Amino acid sequence: MSTSFTYFEAEDRLLVVIQPGPHKLWLTRRLAQAIVHDIAGIFASQVPGDGIPGAGSAEERIALEHQMAMNGEDLPQDDGGKAMQYSSEPPARARDGDIQLCTGLDAKAGSNYASIGFVIGDSTLNLKLSRAGFHRLLRGVALCGTQAGWQLQGVPSWLTQSLLGNLLASLPPLDEAPDDDPDAT
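Numbering (this note's numbering), first residue to last: 17 to 201.
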């Protein structure tokens, strides 16, 4: 399953596309706020490791779990799995009739799963994800909210922590020449 988020300024809403399937829904600023604050709080309260000596505080454990999810440590590398993908290409604009308005949310979390229900009219679209998958969903909503300029309040620090240091640490230094480079001095 993949979930994509795009901000549409004319609508002042996030378009959420869930695949496989024809699921497209509008997410308002109010609901995005609830996801990154209230639902993220429920999710964080269920972080595994409580009572294990040396596991750290709940805040440390959720931050570490988030970092591992963003690094894709749960994905099979032999399949070319990627934790998150970013695109500079906007998705094709769906016809407004194809997009349903999300009017409410429901969430549950445990030590090895999390689920979110998007209330759409009289029905609910339920997504059950691994904890790592839910971290990526939360991060996607937070990033789109930031890009939209929504200034979402009470976003937990673990959800917005920079991953740039890890990315830069994995890059080779620019000033090192390979050992077999005859032009190296």
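Treat the hints as calculated values from the structure; they're not laboratory data.
None of these values were measured; they are calculated from a predicted model.
Each hint should be verified, as a subset may be incorrect.
Straight-line C-alpha distance at most 30 Å; calculated DSBU-like pairs for lysine-lysine [to be verified]: (1) 124 to 144; (2) 40 to 124; (3) 40 to 144.
Does residue 124 pair with residue 144 here, judged by a C-alpha cut-off of 30 Å? Since the Cα atoms of residue 124 and residue 144 sit roughly 9 Å apart, the hinted pair holds (cutoff 30 Å).
Are the Cα atoms of residue 40 and residue 124 separated by 30 Å or less? holds, 22 Å
Regarding the pair residue 40 and residue 144, is the alpha-carbon distance no greater than 30 Å? The hint holds at about 17 Å.
The earlier numbered hints are all upheld by this structure, with none contradicted.
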